[in-house]
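Student: Here is how the chains run, residue by residue.
Protein chains: 2
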Amino acid sequence: MPGAGTDHTRPALEGGPVVILVEPQLGENIGMAARAMANFGLTELRIVAPRERWLHAKTRAAAAGAEFILDRAAIYPGVREAIADLDFVYATTARERGQGKPVVGPREGGPILRARIEGGQKAGVLFGRERTGLENDDIALADAILTYPVNPAYASLNLAQAVLILGYAWMEAQGAPLPFTQKRRWPAAKRDMVVSFFEYLEDELERRGFFRPEHKRPVMSRNLRNMFHRMDLSEQDVRTLRGMIVRLVEGPRETPQTRKRKGPKQTPKGTRPAPVAAAPDGGGE
Amino acid sequence: MPGAGTDHTRPALEGGPVVILVEPQLGENIGMAARAMANFGLTELRIVAPRERWLHAKTRAAAAGAEFILDRAAIYPGVREAIADLDFVYATTARERGQGKPVVGPREGGPILRARIEGGQKAGVLFGRERTGLENDDIALADAILTYPVNPAYASLNLAQAVLILGYAWMEAQGAPLPFTQKRRWPAAKRDMVVSFFEYLEDELERRGFFRPEHKRPVMSRNLRNMFHRMDLSEQDVRTLRGMIVRLVEGPRETPQTRKRKGPKQTPKGTRPAPVAAAPDGGGE
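So the protein lines, in turn, are chains P and L.
For the first sequence, counting from 1, position 53 maps to 87 in the working numbering; every step adds exactly one.
For the second sequence, counting from 1, position 153 maps to 187 in the working numbering; every step adds exactly one.
The set of hints was computed from the structure by calculation and includes no laboratory data.
Hints may be right or wrong, so weigh each one.
Pairs involving identical chains hold if they fit within one copy or between any two copies, as the list cannot separate such chains.
[Claimed, not checked] Using 27 Å as the maximum straight-line C-alpha spacing, the simulated BS3-like pairs for lysine-lysine come out as follows:
hint, residue 1, residue 2
1, Lys156, Lys135
2, Lys224, Lys92
3, Lys224, Lys156
4, Lys135, Lys217
5, Lys156, Lys92
6, Lys135, Lys224
7, Lys250, Lys217
8, Lys92, Lys250
9, Lys217, Lys92
10, Lys92, Lys135
11, Lys135, Lys250
12, Lys250, Lys156
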């Protein structure tokens, strides 16, 4: 997605299905298709009968850094020549063509491509012309049809976007990992740490007459605790909350140290921020 | 995909997550994002602080018919205003931002969005600027992060393509059907029809000394039958094969009728083509 963290030290994946663009009319679409391929680890592009001068500045601009795919692209006079060395070929279309071929979506097609390629086959996927798609004779050359679960009221995908969905399905079929996962700078708070915070908080609230009417105390306490439980608190979160309550209870504490402190995030790891030290006084008894 | 069969009699789907583009720089990207939304049934577009004249001819051209989404798009001064009425917000990014938020991919995110929307919540997804993506302060406003299993060596998706993957994941989460499925004009051939064809063929081959050496006959026969079994034959396929063998065996038959016949596909449904009538003579005994 935009602003992505591209790690150029890591090599592009190889070995996915060949992407075959049949008579693409716009260089921009070819460039965008190359970019879409690179995004999901597809590297081999073939182009059937493109316009004479297809590789122009706009094509390269649209590739946005995936020019290595454009420069490696192979040109063929016809679909037959373009797929001559392939063992398995999908044709993409959003229309039933009455050819009785097997039809799969990306979710089935990705794993099928993976299984065939892992089995040593060379596989490819045909994408048709921007306006008219693949001709029936193109589709007749394929083993099966790949189609997408599009909105029936608006089924026409841009060429590069059709290629992108194939790439995404291919990547999912590899079980490719997400670029990162949830990372917590602090361990989750053990339950007794959370409960002792609740006890401290409720004690301060009790002292200030927050729980009224008295008979509502249990439900008020339960609701309050559930709100905090939904925060999925880390140890540092609990220290921060305690410190917050301490300050609300005790009022301003004037030391040069606190003026410097900008908040818990700046607290040097390992050191216990003052709020925690303060907590016992407030939280005791 | 290109050449898609768009059925304008069917209504666009409604009710998916709101797509929020934050400070998009190029009208073309906004238009392409609108098209991507329409492809997968997303209809509500919000734009944060676009350029003053963002809705120009190129924007509309890129929308390629999805202009109804552009014309309905709402403009906001900031992310906070754009998500003010939402219950749940994903921020898209390919970089870890050290905010400790839950992180999901499209496969988990789609069903989560569906569950929340079905539960009556209004959900949205934030997409950042083309070059720099979302700022940390934008991400801080979201409940969780949505990221894609991109090629780590080439992680930068075009804005509209990032929107497209969300749309696809949303559509898959609905269990949306493919636009069509495999359709066979003829029922599959019952096994005894296939076997009787094998017997006819092997009988003709036997008579012509195809099975040599004799002791290889069983394996040759088995291989031959397996080849035909892989054809997943329909009744019409078997009739066509029988007719083909008959002609190979009996040589040309000159009738005006055969000159007119272009092949089995043209055979009017219901009528039995001559090859089948011919089969008994060849296939008998």
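Student: Hint by hint, say whether it matches the structure.
Tutor: Hints and how they fare:
In this homomeric assembly, Lys156 and Lys135 come within 27 Å of each other (Cα to Cα) only inside a single copy, at 20 Å, whereas the closest approach across copies is 41 Å. With identical chains, the CA atoms of Lys224 and Lys92 are never at most 27 Å apart, being 57 Å at best within one copy and 56 Å at best between copies. With identical chains, the CA atoms of Lys224 and Lys156 are never at most 27 Å apart, being 53 Å at best within one copy and 33 Å at best between copies. Proximity of Lys135 to Lys217 under the C-alpha cut-off of 27 Å is restricted to the inter-copy arrangement: shortest distance 8 Å between copies versus 46 Å within a copy.
Proximity of Lys156 to Lys92 under the C-alpha cut-off of 27 Å is found in neither arrangement, the shortest distances being 31 Å within a copy and 39 Å between copies. Within a single copy, Lys135 and Lys224 get their C-alpha atoms only as close as 58 Å, which misses the 27 Å cut-off; across copies the closest is 19 Å, which meets it. With identical chains, the CA atoms of Lys250 and Lys217 are never at most 27 Å apart, being 39 Å at best within one copy and 65 Å at best between copies. In this homomeric assembly, Lys92 and Lys250 never come within 27 Å of each other (Cα to Cα): the closest approach is 69 Å inside a single copy and 62 Å across copies.
Proximity of Lys217 and Lys92 under a CA criterion of 27 Å is satisfied in neither setting, with 40 Å inside one chain copy and 41 Å between copies. Taking the shortest alpha-carbon separations for Lys92 and Lys135, neither the intra-copy value of 37 Å nor the inter-copy value of 39 Å comes in at or below 27 Å. In this assembly of identical chains, Lys135 and Lys250 lie within 27 Å of each other by CA distance neither inside one copy nor across copies; the values are 68 Å within and 34 Å between. In the homo-oligomer, the alpha carbons of Lys250 and Lys156 never lie at most 27 Å apart, since the shortest distance is 70 Å inside one protomer and 32 Å across protomers.
When each numbered hint is compared with the structure, violations occur for hints 2, 3, 5, 7, 8, 9, 10, 11, 12.
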